[in-house]
Amino acid sequence: MNVMTILIQGTLLGGLYALFAIGLSLTFGIMRVVNIAHGDLITLAAFAALVVTDTLAISPFVALGVVVPLFFALGYLLQRGLLNRTLGDSILPPLLVTFGLSVIIQNVLLEVFGANIRRLPVGNLETASLQLPAGIAIGVFPLIVFAAALICLGALQYLLYRTRLGRAFRATSDDPETAELMGIDNRHLYALAMGIALAFTALAGVLFAIRTTFDPASGPIRLIFAFEAVIIGGLGSLWGTLLGGVVLGIAQSIGAAISLEWQILAGHIAFMIILVLKPDGLFPRTQD
Amino acid sequence: MSLLSTHGLCAHYGDFQALFGVDVYIERGETVAVIGANGAGKSTLLRAMIGLLPSAPAMVRLDGEPVGNLPAHDLVRRGVALVPEGRRLFRSLSVEENLRLGGDFLAPGAWTLPRVYELFPRLAERRDSPATLLSGGEQQMVAIGRALLSNPRVLLCDELSLGLAPIIVREIYARLATVAASGTTLVIVEQDISRALESADRFYCMQKGRVSLAGACGTVTVDRAALTQAYFGL
Amino acid sequence: MSRLPEPTGSTGLPEQTHSAGSRTRSDQHESATSSDRGDQGDSPTLRPMSYRVARSTRSSRLFSAALGVLLITLISLPWWADNGPMRLIAEMAYFLALAQLWNLLAGYAGLVSVGQQAFVGLGGYTLFALTDWYGVHPLWALALAGLMAALVSVPVALAVFRLRGAYFAVGTWVVAEIFQLFVAQVPRLGGGSGYSLTPAIVRSIAADRGTRDQVLYWIALALAVAVTAAVYAVLRSRHGLALTAIRDSERASRSLGVDTWRTKLFIYVVTAGCTGVIGAFIFLLKLRISPASGFDVNDWTVVVIFMVVIGGIGTMEGPIVGMLLYFGLREWLADYGSWYLILLGAVAVVVMLRAQRGLWGWVESRFGLSLFPIRRQLVILPGTGQGESRE
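Heads up: the sequence lines are chains A, B and C, in that order.
The opening position of the first sequence corresponds to residue 468 in this note's numbering, with each subsequent residue numbered one higher.
The opening position of the second sequence corresponds to residue 165 in this note's numbering, with each subsequent residue numbered one higher.
The opening position of the third sequence corresponds to residue 7 in this note's numbering, with each subsequent residue numbered one higher.
None of these hints come from the bench; they were simulated from the model.
Virtual Cβ for every residue (Gly too), placed ideally from N, Cα, C.
Fair warning: there could be bad hints in the mix.
Stretch-level coverage of chain A by chain B, calculated; a stretch enters the list once three of its residues show a Cβ under 8 Å from a Cβ in chain B [claimed, not checked]:
id, segment
1, 582-596
2, 616-622
Residues of chain A clear of chain B, computed beta-carbon distances all greater than 12 Å [to be verified]:
id, residue
3, 518
4, 537
5, 606
6, 608
7, 625
8, 627
9, 628
10, 639
11, 656
12, 679
13, 703
14, 727
15, 731
16, 747
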């Protein structure tokens, strides 16, 4: 495998990790809360897509039309009904409640679907590739995932910086009390943020389930990848998240080129190196 | 029926009681000053009036309706606005975004962005700059403009002159007079007694969480000695 | 004149009462002397009030007695019970120790780690390597495994302490993942498939199986008691006061000169060391270790967190209550697969929403019970400080 191929594959893989990270980054940015169940929600979305494709006999891409709105609603209700009650001065309640949710989701999935490894089939697309000069091949599906990440980040950029809802999100992140003085109901706004975060998470989950296999226990490692992408990129920075995902993806590709076992380890090591050398990430948020 | 009134209002921060049975009423169209030393409970009174500090429902009334237990965003929708102490601009938003947010989630009215720029022309020049890069006076103008864009019936202003040069304070109070002239009811919390009495129709003086003196602001009627006593508790 | 005791010490004789007050357990005797002297002194209107600073409560003294009886029963268990209960109690003991340590870390120092399995596995592997490669006696290896975990935790802390709050939690988890993946790459440690203790090493603890089980059982008890005592000692020490201050307000305590970073580092390293010893012991008991079992987040962290949260985070009693509840639930729901984990998760969520200090926090506030008194209480001694006029 040549260097170009490793870099291209790593970059494309980074798109998937950026998708994983968007939801995590958004909820942290607005509510200052880290959702420990994030990875398990990605897996839950994958299983939801599996059920939808099986029962309706439709393509996973069409299933997105069901799963994404469903997850928006789930996110809204989860925040409104449960997570809003955990917000306060102490970080323990949101942390431990989402931690509890993580364990609940994992084990319910295990009870319902069993421990078998699954995958969402999309036919030829899984193996299709583009041939570039110099013998470099690019998988079509990884390219689609990367494009999806770019579109999502662009959409989020538009939402946050060009709409009144985005202004409200940024304002609430700055100063929730004063945001209330603008007639903003923070509980509703937080619920909307979680809904949007989970909509992105659902997309990430379905694309990931097409790309690789999954099982009820694959949530935690997705949380870790998302988290690494966020920290490498710089907390709260939108495009930094993409950069973080790409750095992680390339590190993993390099590791995988050494041996398959080194793939994930190399990503973790890259993360630790950046954490020690540049704790604010590669792309620190300037306004804070 | 008064526009906004409090009835035996008590308020607490945790175990600490900050207000002890405060009765004030604000009539439509008037400007009322609330004066008092540091820690007298002036800011607390405003925070309780707009629902940032919850109280028993009947302790705060808007149009005679009990609103003490309603959250702030609800009271803002009903026509109360607050220019908070220390201005509290959103630091990741530009000047114009800060202003727009004031009206984004509320019904449109007479106050529009162009009208706010007309009131404070300096803000129009700085509309794209981050709000926190402005001078203190300009920031205060943004905070007032932001509150005006919610088209309030009653505007509560907390320590507008805090940390500002006298010339700026004069300018801001001059603009506030324009706002009052347009029919908006004003409640002004101020430490500068002369400034407050000059700009308002009536005043309340607070001391240790209670109203210690109230009256009309006409120069003849204010007994300075009584006011000093009410202000400092000497 | 007020009949209420003054909130501070004697108005007449500050030195004497101060010396009484600065003791943790001053007795009635000394205080009486100080008030006698007050009578002779020239304090005309006020009898000096005597007080002592106490931490024991009535319930805590009763509890100590009960604890003594329980300990004697448990220690004598091998002579009158068979292996089943011994094995269960040993498991309960090491889980209690893990729970106490996690509670110290998260409940008192605010370091919510989801990566303590890193030190469990590290301790286990250290014991296996020391005994197998260098022929170290397993009991010595227990202590050395703790030392190893403590040493390794220092550079780990330097990295993960850069993360705050929930990100710290995930950061510690990444560290545990790195350990697990790394160990799997070492062929001498059995790689991904694991590693067993040789019979010779096992026999070096004690030649026959019965004695060995007894020794291991007593070690489990000793670990649980020692860790509980150590956590209690830390909380009652200067570090404990600093911790409470940090937990209440990190910024305020920093401005008062409490070195929050050092205190947290101290707690992190001590906890890692103890966790390493327990990890080594767990796998000495199990005789086999693999990367998956050694660094298992569910067994060594998730379950432990649930015990502490349900029992009562930030209380000494919480981990005990939570541990008992966990084992009860596990036995009760043994036939229902992972449903007990789902139930535990749900209970933990409800506890965090409804009663953040857990079951014990509820008991404490309801009945004022405290079995491990940490707070210092001012006890006004009878017959003094009434503020009566002597004239």
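Hint-by-hint comparison with the structure:
Counting residues of the segment 582-596 of chain A whose CB lies closer than 8 Å to any CB of chain B gives 0, so the stated coverage by that chain is violated, three being the minimum. Residues of the segment 616-622 of chain A with a Cβ under 8 Å from some Cβ of chain B number 0, which does not satisfy the need for three, so the listed coverage is violated. Every CB of chain B lies more than 12 Å from the CB of residue 518 of chain A, the least distance being 38 Å, so the non-interface label holds. Residue placement check: residue 537 of chain A keeps its beta carbon more than 12 Å from all beta carbons of chain B (closest about 27 Å).
For residue 606 of chain A, the condition that its CB be more than 12 Å from all CB atoms of chain B holds, with the nearest at approximately 38 Å. The claim that residue 608 of chain A lies off the interface holds: its Cβ sits roughly 37 Å from the closest Cβ of chain B, which is beyond the 12 Å cut-off. For residue 625 of chain A, the non-interface assignment is confirmed: its Cβ lies about 15 Å from the closest Cβ of chain B, beyond the 12 Å cut-off. The non-interface label for residue 627 of chain A is inconsistent with chain B: the shortest C-beta to C-beta separation is roughly 10 Å, within 12 Å.
The beta carbon of residue 628 of chain A is not kept farther than 12 Å from every beta carbon of chain B, the shortest such distance being approximately 9 Å. Against the 12 Å criterion, residue 639 of chain A falls within the reach of chain B, whose nearest CB is about 9 Å from its own CB. Non-interface status of residue 656 of chain A relative to chain B is broken: a Cβ of that chain comes within 12 Å, the nearest being about 10 Å off. Residue-level check passed: residue 679 of chain A sits 36 Å from the nearest beta carbon of chain B, beyond 12 Å.
The beta carbon of residue 703 of chain A sits about 10 Å from the closest Cβ of chain B, which is not more than 12 Å, so the claim that it is off the interface is violated. Residue 727 of chain A, annotated as away from the interface, keeps every beta carbon of chain B farther than 12 Å; the closest lies near 43 Å. Every CB of chain B lies more than 12 Å from the CB of residue 731 of chain A, the least distance being 35 Å, so the non-interface label holds. At roughly 17 Å from the closest C-beta of chain B, the C-beta of residue 747 of chain A stays outside 12 Å, upholding its exclusion from the interface.
Checked against the numbered hints above, the structure violates hints 1, 2, 8, 9, 10, 11 and 13; every other hint is satisfied.
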